[in-house]
Every structure is written in C-alpha cells, then in structure tokens.
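**Q** Now for the letters of each chain:
Protein chains: 4
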Amino acid sequence: MRTGINTLFIPGPTNVPEVVRRAMNVPMEDQRGPEFGAFVLGILADLKKVYQTETGRVILYPGSGTGAWEAAITNTLNPGDKVLMARHGHFSTLWAEMATKLGLDVELVDLAWGAATPVNEFARRLAADRQGKIKAVFVTHNETATGVTSDVAAVRKVLDDSFHDALLFVDGVSSIGSVEFKMDAWGVDLAVTGSQKGLMCPAGFGVLAVSQKALAASAQATSKRAFFDLKDYDMLADTGYFPYTPPAQLLHGMRAALDRILAEGLENVFARHARLAEGIRRGVAAWGLETCAEHQSIASNTVTAIRVPEGVDARDVIRIGFERYNTSFGSGLARLGGKVFRIGHLGDLNEAMCLTALSVAEMALAEAGAAVEFGSGVAAAQAWYAQGRAVRTNRIAAE
Amino acid sequence: MRTGINTLFIPGPTNVPEVVRRAMNVPMEDQRGPEFGAFVLGILADLKKVYQTETGRVILYPGSGTGAWEAAITNTLNPGDKVLMARHGHFSTLWAEMATKLGLDVELVDLAWGAATPVNEFARRLAADRQGKIKAVFVTHNETATGVTSDVAAVRKVLDDSFHDALLFVDGVSSIGSVEFKMDAWGVDLAVTGSQKGLMCPAGFGVLAVSQKALAASAQATSKRAFFDLKDYDMLADTGYFPYTPPAQLLHGMRAALDRILAEGLENVFARHARLAEGIRRGVAAWGLETCAEHQSIASNTVTAIRVPEGVDARDVIRIGFERYNTSFGSGLARLGGKVFRIGHLGDLNEAMCLTALSVAEMALAEAGAAVEFGSGVAAAQAWYAQGRAVRTNRIAAE
Amino acid sequence: MRTGINTLFIPGPTNVPEVVRRAMNVPMEDQRGPEFGAFVLGILADLKKVYQTETGRVILYPGSGTGAWEAAITNTLNPGDKVLMARHGHFSTLWAEMATKLGLDVELVDLAWGAATPVNEFARRLAADRQGKIKAVFVTHNETATGVTSDVAAVRKVLDDSFHDALLFVDGVSSIGSVEFKMDAWGVDLAVTGSQKGLMCPAGFGVLAVSQKALAASAQATSKRAFFDLKDYDMLADTGYFPYTPPAQLLHGMRAALDRILAEGLENVFARHARLAEGIRRGVAAWGLETCAEHQSIASNTVTAIRVPEGVDARDVIRIGFERYNTSFGSGLARLGGKVFRIGHLGDLNEAMCLTALSVAEMALAEAGAAVEFGSGVAAAQAWYAQGRAVRTNRIAAE
Amino acid sequence: MRTGINTLFIPGPTNVPEVVRRAMNVPMEDQRGPEFGAFVLGILADLKKVYQTETGRVILYPGSGTGAWEAAITNTLNPGDKVLMARHGHFSTLWAEMATKLGLDVELVDLAWGAATPVNEFARRLAADRQGKIKAVFVTHNETATGVTSDVAAVRKVLDDSFHDALLFVDGVSSIGSVEFKMDAWGVDLAVTGSQKGLMCPAGFGVLAVSQKALAASAQATSKRAFFDLKDYDMLADTGYFPYTPPAQLLHGMRAALDRILAEGLENVFARHARLAEGIRRGVAAWGLETCAEHQSIASNTVTAIRVPEGVDARDVIRIGFERYNTSFGSGLARLGGKVFRIGHLGDLNEAMCLTALSVAEMALAEAGAAVEFGSGVAAAQAWYAQGRAVRTNRIAAE
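Residue numbers (full-length UniProt numbering), protein chains in the order written: chain A, 1 to 399; chain B, 1 to 399; chain C, 1 to 399; chain D, 1 to 399.
Derived by calculation from the structure, the hints in this document are not laboratory data. Where hints are given, some of them may not hold.
With a straight-line cut-off of 30 Å between C-alpha atoms, the simulated DSSO-like cross-links for lysine-lysine are [said to hold, decoys possible]:
id, chain 1, residue 1, chain 2, residue 2
1, A, 231, B, 224
2, C, 101, D, 213
3, D, 133, D, 182
4, D, 224, C, 101
5, A, 101, B, 339
6, A, 101, B, 101
7, A, 231, B, 135
Pair ranges (Cβ atoms, derived) [to be verified]:
id, chain 1, residue 1, chain 2, residue 2, range
8, D, 239, C, 78, 45 to 53 Å
9, C, 1, B, 288, 32 to 40 Å
10, D, 107, C, 54, 45 to 53 Å
Per the computed footprint, the stretches of chain A lying under chain D, defined by three or more beta-carbons under 8 Å from a beta-carbon of chain D, are [stated by the list, open to error]:
id, segment
11, 2-13
12, 338-351
Note that beta-carbon positions come from the ideal geometry of N, C-alpha and C, so glycine has one too.
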C-alpha cells in the first residue's frame, strides 16, 4: 500500500500547485455567460506575456500540444510545401512524422539523440535554397526526450542572414514558461506548448501562438482543416468566447497558474529553473554518470536525461522509484528505452523536491545494480543550493 | 453580489455531480505509469455499455465533440465523397458546414428548425441512389438547438430496406447517456458525444464510438489527418495508454460519472430524464407557450426550446434569469436568437431542480414582459411529479 | 439513487458557499508557523465587524456553539450565582439546563414556545432585584426551534432603566451574521454563535465575543475551567496563535466567508435575509398554514417554523422532502416534534433557492396529506420577490 | 515567493492524505438526517479497532485533544482526588497543570525532559498508597515534546502487582494510530488522542476512549461539566447522533483515514513507523548530534527531538527550513526552546519524505552554523532503508 506523497519528476504533466488545483474545483458554468469572455481575454493577454509577444496572438485549443502542432501546420502550410527539420530525439522525430502525414515535403537533418538543432547546417541549406522552396523551418526548442535546449535566436539569425522568408515554427512544449522564450525578439511565427508543462496545469489545452506573418499565411493556406481552423478562433481573440465548449475548469486553473508565474516574475522563474537544474546536474556528475545532452552548454533547465551504467536497465530504476519510493521518473523513449531515465525539473518545484529526486534516484540506481554512493549526488546538490543561498543573501544585503 | 447556488439549465455543460468533482481533484500522475492503462480500459469498457455496443470501439479524443465529429469524417471518408444530411437546427447546420470544409459533397435536405430527421425523404434519396454514391448518412439524434429527437432506428431501417451500404453517422452529443441509444441494435457506425453532457463531466473529451465497419473503412480512408488519426488510438483500445497526454483528472471524473450512471441503471436514467422532461413540458404548456419542437412526439427529453410571446425578447429572459436569479438558461442560436430560450434538463438532475427552473423562468418571463401567471407552470409540473410518485409508490407496494 | 443537488433548508449547518469550500481545501500547515498569527488576527478583526463591536474581544473555541455557551458561563459567573432566563423554545430550554448543570441558580420565566423574550417581565424582575442578586440576564436572540427573534436592545434598556449591573448574555447562534446584531450599541457582554450558521462555514468553532466588563468579570470568576479558560486565549487575542491546535482549514473557510460577507456589506446581508424570509412567510400564508412565531413582528428572518394541519405528521413532510425530493427541512424539536417543520433561510441563499424550498414543501405537504394547492406558496413568494425587484430597479435608476 | 510542495515534519497536525482531503470536500448535510447515524457508528466501531478495545467506548468531542483531556478528568474524578503523574516534557507538564486547575490533588514525579514515565517510582508510590488515595495514574504514552515513548503495559503491571484500583489515564495524542496501543490488554481506562496526529485528519476532534470501569466512575463523578458531559454522549454511542452539531466534513475525512489505516493493516502501520523512524535516527547519529530521548530504547517512533550543537540556535534551523526550503520542522517547547528542533515522522509518510526531511535539515543546520556534512544523514538513512528493502524482498521471495 502506498503512503505519503507521490512526487512527479517526469517532464510533464508537472506537479500542479495547490492553488491551481483549488482554482479548478468549481461548478460548471455557462461558457456563453456574460462574464466569461472578459475572463478568457485576461488569460490570453497574460499568455502573451509568457510568450513575450506583443504583436502575436495566442490560441487555446482544447486537446493537447500535438493538436496545436497540427493546427500550426494545417493553418499556414499547403500540402507539398517543403519544410526544414532536424531529428535529434523522440519528439522531433514525431514532429517530422506528423509533417509527412499532413502532406509536407520534409527535408530532414538527422543527428545523434543528444545533439541540438544544427544551426550551421540549417544556415547552409537555407543559403542554398535560392528559390525559397523551403516554406518553414522547424525548431524543437527543448527536446524533452534528451534534455537538450536549442538556440532559437541563432536560427532566426541564419534566416535573416540568408534573407530567407520561411516561417519559423518552434516546439516549445517543455520550454515555454520555464526557460526564456522571446517570440517577438526571435521572430518566431508559430510556437506551441501544452497546459501541462511550464504552465503547471493539467493537460487539456494545446497552446499556439501565431505571429502576424503566420496569420497572413493562414488566409492563403489550403490544407483541409475544421476543428483546428484558425479562422474559427478569431472570435476567441476578439471576444474571449470559444467556438466550441472549452474545459472551463482548466481555464480557471490557467488563470491561477498565470497569476503565480507573473507574481514570481518571469525572470525569477527562469532563474529558479536554472538554479534547480544545475543542482540536479551536479548530482548526476557526482554519481559519475553521463547526461544524454552532448554538452553542458545545451543541457536543458527543464529535464535531464541520465544514462545508466552498462549492465543496468533504466526501466528498473524507474520501476523501483515508483513501486518502492512512490516517486515517478521519466523513461527513456524509443531508442533510449532502458538506457536513460529522466528527471523532469520544471514547473512548481523547489530545492527540497530536487533533493528528494536525487535521494530517491540514488536508492533506485543502487537497487537496480548501479555503483552509486549513497548521499553523493544529494551532497553535491546541497553544496550548490547552499552557495546559491549565500549569493542571494549577499545580494539582498547589498540592496 | 451573487449569493447562493447558481444552477445551470443549459443543455451542456451540465451540472457536474459532487462525486465527480471530488474524483477529479487529484494530483497529477504519470499517464505512462504502470496502473494507468488498466484504469483507462475500465472506462472504455463502461462507455461501451452506455453506447450499448459490444462490437464497437470507443475512443476518447482530448478536445471536444466537434473534434470527434472531425475524427469521424476524416478517418472513414475521402474528399469528394457524397453524404446525405438534413439541416433542421443550428448543430445540424454546423455539422454540414464541417463536412463541406473537409471536402465532402454534401447532399442536404433543408427543413424547418423544429423538425426531426426526415426519414421518408432519406428513404426516397437512398432508394434513388442505385450506384451507391452516398457514402454516409448523417443523423442528428438530438438537435440541441431546437429540442428535437430523431428516430435513428428508422433511418437504419430505410438503409436496410434499400440495401444501402452507406455508413451511419450519429451526432449523439446531447442524447447519449441521457436517452436510449443503441449503437449495435441500430447499426450505427460512428457516434459522437462529449464529456460535458449526459456523461456529467466537464468538457475536455470528444467521445467517438466506431463500428467494425467503420474501422474497416478507416483503413482505406485517404483524408489527411494526424491528431485525430484513428490508427494512433489502436494502442488506447489495446492497452489503455493514450498516444498524447490526456486530461487525467477528467478521466477520474468520467470513472465516477460512469459508476454513478451504472449504479442508477441506464433504464432508470432514461426513465428519469423522461419523467423530468415531461414536467418541464407541462409547465410550458401551462404558461400557454409553444416549444420549438414541431410535435410532442419528437420533443427531446434532454432540452426544451421555448418560444417566447411576440414582443418579448428571449435574450431578456435569459439575462434576467442570470443577473437577478443566478440561474442559467440556454439561448436561442442563430436564427432563433431572441425568439427562444432553452431549458436544458439532462444529466445530474431531480424534480426539485426542475421546479427551480420553472419558477425562475416564470419570474424572468414576467419581468421580460410576458403574461405568465406566477406558479402556473410550477403547479403543472408538481401535479405530474406527484402523480409519478404515486405510481411508483404503488409499484413498490406491489413488490 | 439520489441525483442532482441536495439543498439544505435547515437552520444550520447552512449551505457552505463554493468559495468557502474551496478555501478550506488546503494541505495542513504549521499552526505555529510565522505567517499564521497575522492570518488569524485578521479573521478576529473582521469577526468584530460582524459583531459590531470595537471594544469587545472575539474568541474562537474549537468545538461548537454549546462549548462557547459553557465558556461564557464558567469564565464570568460563579457557582450559586443567580441568573435570569426565559424558556420559550428548545434552545432556550437547553441553555437553562446547562446553566443549572454548571451550578447557577436559574430564575426562569416560562412562556409558550413561539413567544419572544419577555422584556416587561424581565423589567419587573430586575427592578425588584434591589440587592443585585441577579448576576446575568440571558437572552436568546433568535430561538432557532420556533423561528422567533427577540429584542436585545429592549432588554438592554430595561437593564439601564433599572440601573442594574447584571451581565447581558446573548445566544446569537442563528442570528449573528444574518440579522442585525449590535454588540456595543446594545451593551451585550457575552454573545455566542457557531461557525455553521450565518458565518456559512462548516461546524467546528464556537464563537464567543466578550465585552471589557465580561473580561473584568473573568478575572474574578471561580468556576473551574480549563479547555475554555479565557485566560489561555489572551495569546490568541494578542498574537493570533491558539493555545491548542485549531482546525486550520476551517479558519481558511472563515476567512473566505468573512470576505464575502464584508463584500456584500452587512446591511445588504440583513436586507437580503429580510427579503427572502418575507417570501417564505407569504408562501406559508398562501398555504393557509400558521407559523410557530406568535406574531409577525417577532418572526425570524433566518428560520420559519411551520405548523402542519391537524392529522398531518410533520415528520412525514420532512421525510418525503428528503427521500423523494432530495431536500432537507428542519424538524420540530422536543414538544414540537411532528407538529412543525422548519425552513432555514439563512446564510448563502437567494430567491431561486427559496422558491425551491417552497415548491418542494408543497409537494411534501400534499403527499403527507395536507390540503395545499400546488404552486400557491410559490406564486405568493414570486409576487413578493418580483415586487422587490421593481423597487430596486427604480432605486438604481434614480441614482 | 514559495514554489513547490511544503512538507510538514511537525509532530501534528500531520500531512493529510489526498484521499482524506478529497473525502472532506463535501457539501453540508443534515447531521440529523436518516443516514447520518449509521455512518457515524461505523467510524466509532473502527476507532475501537485502532484503540484495540472491544469493551471500551470511543467518544468524538468536537474540539481538540486538550478538550478530551478535560473530559477524561471531569467525567471520572472529583475535586480533591489525588492523582499520580510524572513531568518529563512540555505536554506532561501541561497535563499536570490542567489537573491542578480542575481541582485535583496532583502528586508529581519530576524528571529530566528526555526521560520516560518512571515505572519503578510509580510502583513504589502505589505500593505505599495503602489506603487507595490515589484515584488515577496518568501516563504520557508519547511525550511529543521530547520524542520519548513510555511503557504503558509496565504501569498496568505495577498497578496490578500492588492490587491498586486507580484509573489508568493515557495521553496517546501522538501515539495512537501510529505505534502499538492496546487499550484492553493494557487495562487503560481513559485514552486520549486528536484527529490531527496518527489519524491523519485535520484538527477538530478530541478522541476519548473510556473503559467500562471509567464509565462506571462517570456515573459517580461530581465535577461540574456540561459540554464534555459523557452522559450526553450516550446517544452518540447508541445511535451515532451527536448532542451538538459536529464538524461533518471531518467525519468524512476520518472515515477515509480509517479505511486507509485498516487497509494498510495496523501492524503494517506500526512497522512502517518503526522503519521510517529508525532511518531518521540513523541520520541524526551520522550528523554526530544527540536526540532528546535519554536512551534509544525509549526513542519515539513518531517524533525525534534533536539537540543542536552549542552555539547554534535551533530556532534558526527551523526558520531556515521554512523560509528557504519550504519545509516545516517542530520547535523546542518551553525550556527546550532554541536547544532542539523536532522532526515529526508520523502519519502519511514514506521513505522519500524522510530523506527530504534529512536533506533539508542538513541544509538548515549548516546554514545555521552547525558543522554537518552534506549528505551524511541522508546516506545513513538510505543505507537503512535499502537494507529494509532487501530484507523484505527476501521475505517475499521466500513465501
């Protein structure tokens, strides 16, 4: 029998703050009632702050991030359009498969799982595309399967440097709201996330932000679409009323989550994610294990994929964590199955929780056969977190 | 300032029972954890009971009923396919628009808003379709906008009588779970509902049931689709794991709602809806007002659309009900705007609530200028409900 | 099987607003943590507003109103002290029994159940008490068993007129927070309520307000006491920390309830209770039934006790309301058992709910054998509520 | 701004399981309704299982454990009665103060804070009491302030050995439900706990179990009492209805908590507490710190009081834990203020949570100036917990 708290260290759905859960526990209401539209408009306005866009538009699609991916494609591209993508993890692979299914001509750059978006290779291909056949470039901002963050600003720069007009698509599912994302400054045209990641809500909404350029493209797009048709969502942007019955409780949750994010301050949210993630990485290093990310410079601040030693099955680590220690880690996906386990460290998190993750991981690794010294990863993270405290204390003292 | 209970008498989202709300208020969990699949399979099995199908398959699409409509079409039909539909209310109209958008060749029968599916006319057209060009017949089982229920079994019969092979699509959004729906017995191939109607949950899932014939068709269908692709949901049917992150809380709500429906017993649920609806209709008759439904024989047991007298604006009735009496009625949609208001009476409902609806409607009608006698509709419903009690008391006594 | 909403029309516990329930659903916290004291002090300050006292002190006793009664007595009176009380219903009777149990010498005025506090008789006895043997006068502000409100200000006046120094005790369990109560202006020394009445919270706190005079008396009192010892609660008043572990969730509920009461405005709360109660009374009159209260002038605005006709058992009315119509009415207590049923109309309530109470009561009365015309009480209340609307509309127009 | 989970490691209120919180979030109900009594009787029956009594009676007093203490005394003892008690911590001291306040003649044995109940000294005094002047012996089963568990069975033995008839009172506030407590086997007459400790509910109920001998005594007792009068609770034992409005939500929480305790099995609950506590103690030893308990043999399995090194203020440890790491530890009470901090480890707890407590305590101790090696306590606990796993794995394998 399970007792005590079960903590999630999967990279989504993330732990939902109490205040968000509480906000969601409301009776049903009339989503066409007179007060509903203004309520939704407020949420959309605050989502724009999270996306750091003033000129774009944010759409909430009932469904999931995958639905928002489809919406991004079918509303702006036409069957047969060429798009440039890289495959460097499970989610970038799925995205490419969807693009193919929806009739796009996918030009793929294949990389090791653990690499980031190949900016230089993209630059070469865009420069070579004299006729502008490439209609869109897809960037996986944070590869959730490998714990790798890519440089979206750099992709924007190579687009600009080659005077290329392609739309810039970004999968920000496990980045937006947790690490810096600048829609306007980076010239992103379509950016997707889900409600259940950095937004700290349950799953249920795919979130899509579209630039004015993408909106213009949508007026010309010929892909067949109905449920995800951007045009039907004009009324949402204008009035706050959804074309279809939305999950109203989830909207109340999102209201509470946005209140919290904005109260903490986006910069503080990002700094917290960076600080907590560094503690996890130092713990992993203290164990003598490798992360999936090829370099520290591209290591994600929202999820760390950890390679287990030879002879250890990562699935055992996950199973032991769950069955014996009531703690959920993320699994290795597709070709990484059994080879990595993942610690999600995004959303509503603090130092104590990260230390829990490390101490349980140590137990689970040891019981799965890895030669990990008890307390070693915890101590490395404690040292880092304590240091962070000192720094901040000084800063406060100086003010 | 609002005080007291706000009761919804809109035809969806419906009032969510306390036990369902409570079941939903759970922390996030790993939707890939070892216990999740069996949990979901149990829900799918019980949804089949509600659909009264043994041979079909039920899919839960994160999104809404509209998404499930799209899934039904794109997974089984091809662009250019001819389909037979009737337009007799706002939702059948929207459905036809979607079919057109998705590339179907829609053969439309236009009727008064307040009529039911024209079985005889459908029979004529199907008989005339010697070459089997009609690939599907669409039936709106319950037109939520007009409060009209159609005879699905009769449509099945005309298909059979003309030896026609078309797929039978049914929009059961506001009927399934509240009034009798027999997927297998009626030979329905694709049937759609949403979580927020008779299933008494918040919005968030479009529910699609597909027959084996529809599944076979889906293997051949060439419509482009990704998020709604039925193939990706094979794993859901087999293992209970979703291809994309599902709204887990909503699943817990659905579990509780299904427990409740099955504990009450489907037959008792239907009988309760019939009894409560009759009380509402007797109240309306006592006011001297007309329903939108053309005959009593097609009046819906889940929603009643009431025509206000000349000179009265139905929007005032709704506004007064909401602002002054904290009660939500449904509005007249599209061409019925201002002419009708709707009382939804489906889901988690009892006699006391129906009397509340009638007593508030009397207040709102009177304040909006209608010559309605206070207490008249309430008294008519009370007389009916009391009679029902007597009958049931006798029955119990006889046992 | 019960479906739909169960509404309480008992005079407490009252319906808890959603916002209060939501506020209560919090994890446990350390009631000695650094933020807890200020939180509690805010609640105590706002309770003083509800009591309309600036000079008194409010204590929250974990327990119930009965516990607060005991606290009032043992902290300020000594065994053998003479107190003046009236018995005119079940709760005033219980109070007198407690006083006797705790060793007081109770001088009782016995009245019909349905009468109010006998101000003139009290005046006579106080005037006759030349030696000041009467140490306290007890007034049941609102006799919950009979639906009768007494005139506390008048009792204060007779005390003043006879220059009598007795402490003035008030049982405000079912009045405070719902009808006007002026602790300071009326010179009340000890006033009790519970969390589960006008304060719209679950049961769990007895609330006691004490004047400075009562505090002074408590320093001299010799009754044995421990759990309820006022001295141990000095720290509560000063710091917001309880001497014993308090029900923390309930405090969060009370915070939300007070926010709501103060947002509505005390005057508006009282006016709403008066308006709603009058509708109930007009409904009862339309049925041709009597209330327990001897005159309209003393009829309570928080609860109405209704005498059923000869030959009808009020217990049947209550049972039918509960079993068949999912509605809870209050029963007749002690000698009123079977003769009256009570409709509580205090707390989080609106017109629609009052109409529900009346329409269900009509059903239950009829099924229990009373000759009540369906819709008659509802219509009388509707006419009154509609009139109230017109008045208020004009007032708003005039502003 | 706080983010993430706040975990309580105070010795009560304890962390309330999600399933208990959910069970409590119900609308108000009529506590005199027809279904309420049986519901309460079921709870009382299961509380008897937790107390391990078949012949005794369990009473739920709205209030707190302190109220139940008062009830125990005033219902069975008379002013002037001699009682034998020991003072060896803050709570035994408070208990003695209450006994004095309520008029008892307290014969006190004073001990170091950290000692257990002095069985031999009690034996000596009871043997010397030839005339049976000692009417009751009070034992603090678990001194929450020092983390010391006493041997109740041994006290029973000395009573029996000296053929002494005194009532045996036990304060089981922080033991019952978490460590073995055998009311019948140990011949306990009055045993108190609160809802917010091992019963894993919010505060709000004092729980008192009384033996038949205590019940008989209550018929003769002359202490004045009203709210806590045992006689008024005869109806509770017989029918499940409370004399005063009880906190109904809390009853639903207790129902869920008891279901959980009984599903885990009392023996398993005790074994879990023992296993988790040993991990905490090994962590403390690894830090080189002392516990307040004088010997390991009397160390409590529900709370550990840890002495901080010279020069460190335990209040800083607690403050840092709360402010910086969102974790609540218990403080040193009265004379232990600043010298100890306490880790509560009772109720809904698991290994991961204990490791969290230790890792945060290490951070807080270090930041407060203690020379504690990061990870050292965590590692010691991990080694113990892993060992326990191995043992259990073998046992399972052997079955």
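**Q** Now, for every hint given, state plainly whether the structure supports it.
**A** How the hints compare with the structure:
Taking the CA atoms of residue 231 of chain A and residue 224 of chain B, the gap is about 19 Å. The hint holds against a cut of 30 Å. Note on residue 101 of chain C and residue 213 of chain D: the hinted pairing holds, with a Cα-Cα distance of about 24 Å set against a maximum of 30 Å. Taking the CA atoms of residue 133 of chain D and residue 182 of chain D, the gap is about 26 Å. The hint holds against a cut of 30 Å. The suggested pairing of residue 224 of chain D with residue 101 of chain C holds, with an alpha-carbon distance near 7 Å, which does not exceed 30 Å.
Between residue 101 of chain A and residue 339 of chain B the alpha-carbon distance is near 46 Å, which puts this suggested pair outside the 30 Å criterion. Between residue 101 of chain A and residue 101 of chain B the alpha-carbon distance is near 19 Å, which keeps this suggested pair within the 30 Å criterion. For the hint linking residue 231 of chain A to residue 135 of chain B, the alpha-carbon distance of about 28 Å falls within 30 Å, and the restraint holds. At about 36 Å, the CB distance of residue 239 of chain D to residue 78 of chain C disagrees with the hint of 45 to 53 Å.
Restraint check, residue 1 of chain C to residue 288 of chain B: a C-beta distance of roughly 35 Å satisfies the suggested window 32 to 40 Å. Take residue 107 of chain D and residue 54 of chain C: their Cβ atoms lie about 47 Å apart, and the range 45 to 53 Å holds. Chain D is given as covering the segment 2-13 of chain A, and this holds because 5 residues of the stretch bring a CB closer than 8 Å to a CB of that chain, at least three being needed. Check result for the segment 338-351 of chain A against chain D: holds, 4 residues qualifying (beta carbon to beta carbon below 8 Å, three or more required).
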